[in-house]
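Visitor: Listed below, chain by chain, are the residues.
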Amino acid sequence: MQTSWIQFAPESASTVSGKVDALYFYLSGVTLFFTLLISGVIIFFVIKYRRRTPFEIPQPVAGSHRLEALWSVIPFLIAMSMFVWGAQIYFENSRPPKNANEIYVVGKQWMWKIQHSTGQREINELHVPAGRKIRLIMTSEDTIHDFFIPAFRIKADVLPGKYTTQWFEATKPGTYHLFCAEYCGMNHSGMIGSVVVMQPSDFDNWLSGNASQQSPAVAGQQLFQSLGCVSCHGANGEGGRGPTLAGLFGRKVFLTNGQTLVADEAYVRESIENPSAKVVNGFNPIMPTFQGQVTPEQLIQIMSFIKSLQVSGAQTPAATAPSPTVQAPGAKATPQPNRQ
Amino acid sequence: MKEFETFETPTAARVNYLNAEYGLKSWLLTKDHKRIALLYLGSISVFFFIGGLYALFIRLELLTPQGDLLSSTTYNKVFTQHGIIMIFFFLIPSIPATLGNFLVPMMIGAKDLAFPRINLLSWYIYLLGGIVTIWALLAGGVDTGWTFYAPYSTTFSNSYVVATGVGVFISGFSSILTGLNFIVTIHTMRAPGMTWFRLPLFIWSHYATSLIMILGTPVIAITILLLAFERISHVGIFDPANGGDPVLFQHLFWFYSHPAVYIMVLPAMGVTSELIANFSRKNVFGYKFVAFSSLAIAVFGFLVWGHHLFVASQSVYAGMIFSFLSFAVAIPSAIKVFNWTATLFKGSISYDTPMLYGLGFIGLFTVGGMTGLFLASLAVDVHVSDTYFVVAHFHYIMVGGTLLAYLGGLHYWWPKITGRMYPEGWGRFSALVVFVGFNLTFLPQFVAGYLGMPRRYHAYPPEFQVFNVLSTAGASVLGVGLIIPFVYLLWSMRYGKHAEANPWHLPGLEWRTSSPPPTENFFATPVVTWEAYEFAPPEEMQVIGKFREAGLEVTDAPIGGQP
Amino acid sequence: MSEHIVSLRVYVTIFLALMAGTALTVWAGLQDFPGQLNVIIAMTIAVVKATLVVLYFMHVRYSSRLIWVVFTSALFWLAILFTFTFSDYWTRGWFQI
Amino acid sequence: MAEGLAIEHEVSHPALQHHFENMEQQREAGALGMWVFLVTEIMFFGGMFLAYTLYRTQYPAAFASASNHLDLTLGAVNTVVLILSSFTMALAVYSAQLGRRRNQIICLLATITLGLTFLGIKAVEYHDKYEDSLIPGRLIPGRPFNPEVQEHGTPYDKHKLHLLPGATVKNVEMFYWIYFAMTGMHAIHMIIGVGLLSVILFFAWRGRYGPEYHNPVEISGLYWHFVDIIWIFLFPLLYLLGRHLEHL
Ligand code: HEA
Ligand code: HEA
Ligand code: CUA
Ligand SMILES: [Cu+2]
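Chains as they are written, first to last, in this note's numbering: chain E, 6 to 345; chain B, 94 to 656; chain V, 8 to 104; chain G, 504 to 751.
Bound-form chain E, shown alone:
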């Protein structure tokens, strides 16, 4: 990465970086304008109205409501233009595209562990194809980190105990910096790496060249077996004593307490670590907690397995829709010893 010191922006290598730069240069322009305006006027006044005799007293100048209005409203309008522009780019980027490839990122002191959906693992390196949309699903094993790629103008904190995501579409092959941008302890400044953007064909070669590894979905399947999930959810997540898991992500889930939600990473994680917190309507809270038994990485693998499950034709809609026909022995009906 060649740099000369007249450079004012890092390389622009993603679909959003141009947009951010445009806004940045607009902001810089406005800043320059106001700084020059104010310092220019000050210098002008300071010279023009410098004190000439020791005891001169200038006439007081009355305030002006019109001027006050002027220099409140104009900056406000300019500020709003900045707000709308910035919020618009941000809002667009906050909604990941549907067809993105997913890559899993786990931060830990002080390295980045990355796994592609095809199974390749990398440490402190991320290989991605140019021109394809990539969505990162990130979590941390210890403290807060932050996955920052300056050339893509993206960054997001990576937190323990939950999943954050960000997405990008690289445009230009090359090697770019990857930084940890949230202070995380001793070797924070060493938690760096590189992002290698390749032509799609090169990337596919790279993938097949490293294909020996197990994909997270396969690893997840093994965990699904070994942890005994199969006993309730079936070998392919088709359901049984527990609800069907095929096609779970993005599906509306109805809970016993009358609430509904859309299943996402956070919900599935909670379902595994604290199953009785949100119980699916029509089921008993019999699922044991797996908190402490699965690492964040294994959780990701299980999720990836659940995502890979195909919805087979004959689904039991009763499992997810509130149906009056199913006799739902919900939480409230469970007999509990009375205290009084």
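There could be a bad hint or two in this list.
[Unchecked claim] Distance windows between CB atoms, simulated: (1) G/560 - E/81: 33 to 39 Å; (2) V/79 - B/569: 49 to 55 Å; (3) E/256 - B/167: 50 to 56 Å; (4) B/221 - G/694: 16 to 22 Å.
[To be verified] Once the Cα atoms are required to be at most 20 Å apart in a straight line, the calculated DMTMM-like pairs of lysine to aspartate or glutamate come out as: (5) B/439 - E/16; (6) B/439 - E/73; (7) B/124 - G/524.
Since the hints were made in silico from the structure, they are not lab data. Note that CB positions come from ideal geometry on N, CA and C, so glycine has one too.
Take the given structure of chain E and dock chains B, V and G with the ligands to it, following the hints.
Guide: Chains B, V and G with the ligands only, in chain E's frame:
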């Protein structure tokens, strides 16, 4: 009137607050707000030098890309301690506890603050907090960053987090007590005739600052306490293992710490208003707008804290609300900047040292504030958050803004505080050095930040070295520029020219008593019959003899002394 | 001195009202009201009790407007703290409501 | 020296501090000062109320389970004790305003006694929690948080934690953390209040306060009532919410 009425002590009985009593005990047990201000001035300067020493190490380490001077652990402690000391033990108390303490009663015509004992207590609390913190630093230091983010601080850090937290917690109470004292004083102790709109703007800005101190500081106190207990008990409410949310810590922390940045800048704005008006001998343009913008900043400043959480997994919608409000809160600042500029129009502007600092403040605050808008702009903040762009932004406001205003204020009121003049030539020279050094230090950091250099980095990719070399060079110039006033101010306390009661010939109440003032501030309770910044008409101003009649010592020197 | 002295009758009445409120809230806490009504009832009673203490025991009803402003400003700032923090959690999907 | 001069001091009360112009100003400043201080106290507790509200909304079942394990009777008795003490405090101010020294002393004594009663009962409750290993984390050496959980259907045992569906022990621990933080902080304020009132009692006994001057009594009263108000909120939040679920 039309020539400044004074409430001086008759020349025969020139006892002032400095020579009223002697001995260590008379200082350590004093209830005089002026002496307490000096106690604060001394201790704050010590902390500033400690913080500056840390800055020196930061800059030396960053001279080269490799982390070769300090180990990474040490470096992390150094910037953390730099931040903690500079923020909690220097900048937050700086102007309010020294200049504010000294001047709030004098400017409103009171004999003292409403609760003199609490005022003294606040200094002892500050000192205790400082000592606990220094002890923690000596015992092994702390490496969490000044923001103490959980869960790093609660679980992963191996440093003296609890002790430092306790130090900061304690010092918070000194800030609360100062704010409380100011609010009650300004409400109940104004001299007859001193209506709200006759108050100097310095008072308005301190009133606004005090609001933030009493409404915000308790929240950081409880937050740090919960954090400390979480660390001790190994579980808690910020801990994801218990279902807690680390981001809650960030919300609570910034609920105080964003408004706290206005604690740091509002008093500086008050000083600037005084400097600009008095050194151009003009009433402040749009007095009421400047006064109310202070209150607006204090109130709206509480609505924007989420702009520190744009990339911290805060929700998109909350991000947009906080971004919008951050832009909105910039408007009162803009109003101030424009009104100061307009105040200069058709003034009689002198180039005395305080004025140079005041003008410097306007320029650098504008740059710092405008770059705050970059950060408030969501898409840009995603890129520059936690980079050197942020570092440059806040140093522009805190060093270029507040520190400069603090120095300006110190020079301006130095004759009143000590009864001596500082050497004007040296003053102007060092103001210039500080200005140049400062810009050289922090301007390159904007560029480095946008290029992607993350903050809190002990070692960095070599392509950023250019900027860091410039920055370190600038810091050396800045350091020299700061040491000069330190030396000559100390020198002038003993050898400086004696100051008159009103060396700048200004109408403010604090100038209508002797320099240094008597313990009771005024020989008699003043009755205020004039507006703020009401200068005498030129004819009368020119008759030096009138000053003599009024009991003032007037030299024939031009105003402001000579270089 | 322009100080209002609250009569003994008022103090006793308020005290009895506070006691009644305490009894009521305990009783209500043991009933099974639908939805979030239990919370709403408990908090309403607490707010009423606190208001009585503030107005009469703490004499705010008879104090200057400044004291009113000071006190309500505390509640206002508390509201800021709650509203804006929850504006994040709400839209982050913490509460499914 | 110009004309706008000395406003002479009135014939001043011995308690008038030198920097105030008159007693009225001094009284106003004192009351305003205490109110401003109470504002900071509200914000101080506000942080904890925020955490409570957040996590209660998020983990209602765990919070209900944990709350049900608290002793409702002791909590209710303490509420009565504290309200009573607020009442006697109000009467102490009243007596001072009327210059009835004896009544004032009796009321102050009653307030202090009730305050100490509250703290005693609180200590009993804390001890119960200690016995049941409910002190969160590893705060108490040798007694980490480790409650026995009651199985469904087994006979009720008041030393065991009875988890409602959806509750986890981890989240229950969170409740207890908040419980100890809030009640502990409240108790510290009570202790400070008792200390303050003891000083007031001493001076009342010396006969310092009367209709002319009773600022300190009034101000300490404000503080005491404030502590009462905090408890008025803590009681339902910590002891009552979710209590009805117990019967299900
Ligand atoms: C005294 C201190 C101070 C002050 C006054 C400010 C003022 C402002 N700050 Fe700053 N800020 C800090 C100290 C301060 N800040 C610190 C210490 C941090 C980092 C904390 C950390 O993480 O360690 C920080 C971080 C910070 C961030 C988070 C960055 C990040 O970590 O990602 C943001 C984001 O919005 C921000 C915004 C603002 C804004 C909008 C203002 C506004 O108030 C500025 C308003 C002023 C002006 C706008 C200039 C004057 C106006 C004109 C000249 C007219 C023209 C105006 C228009 C066209 C609108 N600041
Ligand atoms: C009031 C606030 C304040 C002030 C005045 C300063 C002053 C300075 N700061 Fe500071 N800074 C912060 C608040 C402040 N800073 C904060 C809050 C952080 C964030 C910390 C964190 O990330 O947690 C930070 C971080 C920070 C960093 C980033 C570190 C990193 O992220 O890795 C850097 C880097 O250049 C820096 C530099 C400087 C410099 C060069 C000065 C100069 O202006 C200092 C000039 C002063 C002097 C030079 C004093 C004179 C004394 C001497 C020269 C010593 C000689 C001593 C004797 C003779 C006894 N600061
Ligand atoms: Cu990981 Cu910083
Ligand atoms: Cu901020």
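Visitor: Each hint should be assessed against the structure and marked as holding or not.
Guide: Hint check:
no.	hint	in the structure
1	G/560 - E/81: 33 to 39 Å	36 Å, holds
2	V/79 - B/569: 49 to 55 Å	52 Å, holds
3	E/256 - B/167: 50 to 56 Å	52 Å, holds
4	B/221 - G/694: 16 to 22 Å	20 Å, holds
5	B/439 - E/16	49 Å, violated
6	B/439 - E/73	18 Å, holds
7	B/124 - G/524	17 Å, holds
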